[in-house]
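Undergrad: Quick note: the sequence shown, position 180, residue 180 per my numbering, numbers continuous.
Derived by calculation from the structure, the hints in this document are not laboratory data. Please read all numbers here as calculations on a predicted model, not as lab measurements. Every residue gets a Cβ at the ideal spot worked out from N, C-alpha and C, and that includes glycine. What you were told as hints is all true, and nothing was included just to trick you.
Below, in silico cross-link-like pairs of lysine to any residue (SDA-like), each with a Cα-Cα straight-line distance of 20 Å or less: (1) Lys239 / Gly151; (2) Lys71 / Val59; (3) Lys245 / Thr138; (4) Lys23 / Phe158; (5) Lys232 / Glu148; (6) Lys75 / Ile62; (7) Lys232 / Glu222; (8) Lys155 / Gly225.
Pair by pair, the computed Cβ-Cβ distance ranges are: (9) Thr176 / Leu238: 24 to 34 Å; (10) Glu222 / Phe57: 46 to 56 Å; (11) Glu100 / Lys172: 47 to 57 Å; (12) Phe236 / Leu66: 18 to 28 Å; (13) Glu149 / Leu193: 48 to 58 Å; (14) Phe106 / Ala214: 45 to 55 Å; (15) Gly242 / Glu222: 37 to 47 Å; (16) Pro61 / Ala214: 33 to 43 Å.
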Amino acid sequence: MEKTFVEQIQINKSNKICGLHPKTKLVILISYSICSFIFMTLNLTNLDIPILVIPWFFVLPILALLSGILKQFLKGFKVIFTVSMIVFLVQLFLIPGGAELWRFYFLSIYQGGLKSAINLTFMITNIAGIFLWYFQTTTNQEISRALEESGMNYKAAFVFTSSLKMIDVLGKNSRTIMNAQQARGVETEGNILVRAKAFFPSMVPLILGAVINADEKALTLEARGFNYQCKKTRLFNLKKSGWEKQVTLISIGITIIVLGWRILWQIM
Numbered sequence: 001m002e003k004t005f006v007e008q009i010q011i012n013k014s015n016k017i018c019g020l021h022p023k024t025k026l027v028i029l030i031s032y033s034i035c036s037f038i039f040m041t042l043n044l045t046n047l048d049i050p051i052l053v054i055p056w057f058f059v060l061p062i063l064a065l066l067s068g069i070l071k072q073f074l075k076g077f078k079v080i081f082t083v084s085m086i087v088f089l090v091q092l093f094l095i096p097g098g099a100e101l102w103r104f105y106f107l108s109i110y111q112g113g114l115k116s117a118i119n120l121t122f123m124i125t126n127i128a129g130i131f132l133w134y135f136q137t138t139t140n141q142e143i144s145r146a147l148e149e150s151g152m153n154y155k156a157a158f159v160f161t162s163s164l165k166m167i168d169v170l171g172k173n174s175r176t177i178m179n180a181q182q183a184r185g186v187e188t189e190g191n192i193l194v195r196a197k198a199f200f201p202s203m204v205p206l207i208l209g210a211v212i213n214a215d216e217k218a219l220t221l222e223a224r225g226f227n228y229q230c231k232k233t234r235l236f237n238l239k240k241s242g243w244e245k246q247v248t249l250i251s252i253g254i255t256i257i258v259l260g261w262r263i264l265w266q267i268m
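The task is simple: from the sequences and hints, build the whole structure.
TA: Rendered as structure tokens:
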């Protein structure tokens with residue numbers, strides 16, 4: 001039987017974790033972030049290093065695996081990993097303080113530098129990683145609908161999700177313009193200077209295209225009665241996977257256990 005238009009625009013996910021309600025995923029995000037900050041305050045080993053943030057990081061790929069997006073997650077995590085490694089090396093070799101742990105000619109690693117490198121690096125990977133998981137498992141349409149269900153004004157929800165969509169749109173348009181430039185014989189590959197010469201001229205059509213699209217979108221919204229003060233009709237509805245209650249309780253429970261353990265550790 002052929003599906004109706006309303007049935008076609010609904011989002012159906014077979015994976016229970018990936019199909020969780022956006023609010024439940026937000027609880028996971030907040031709980032993971034709180035636990036990450038707590039673990040960063042636990043300085044263990046003789047070097048006084050927050051070593052627990054390292055195994056805690058591996059919760060992210062496990063969560064991505066359970067959500068069925070491991071390959072997509074690892075692909076998106078490459079940029080975060082590159083930035084984190086640069087930050088780690090800078091902090092490791094340039095921050096003095098404490099005992100000297102290693103020296104090779106003019107390069108030295110101090111206890112304070114190692115602690116700072118681990119803290120800052122895993123703060124970036126953990127927080128950026130959990131946000132990456134959230135946005136890879138939740139579409140902009142789901143976020144917008146969840147915000148409206150939470151009581152947010154529909155205009156504010158639209159502005160928020162439109163901003164997220166604009167990032168993808170500008171990225172696709174930029175690649176299209178660069179491919180067109182390359183087809184015309186413009187050199188777009190090489191060192192930084194060559195890439196810069198090809199990139200900056202492409203900004204003009206990119207910005208003009210964004211302005212034109214914004215004008216067209218405004219006309220479309222006006223034609224649909226976006227500003228009318230009346231009850232809005234919503235064809236898209238959020239569906240729950242059925243695991244929302246259990247996942248919420250587990251996330252909050254883990255956060256309470258970690259927080260309680262941290263308090264007891266401080267007392268003892």
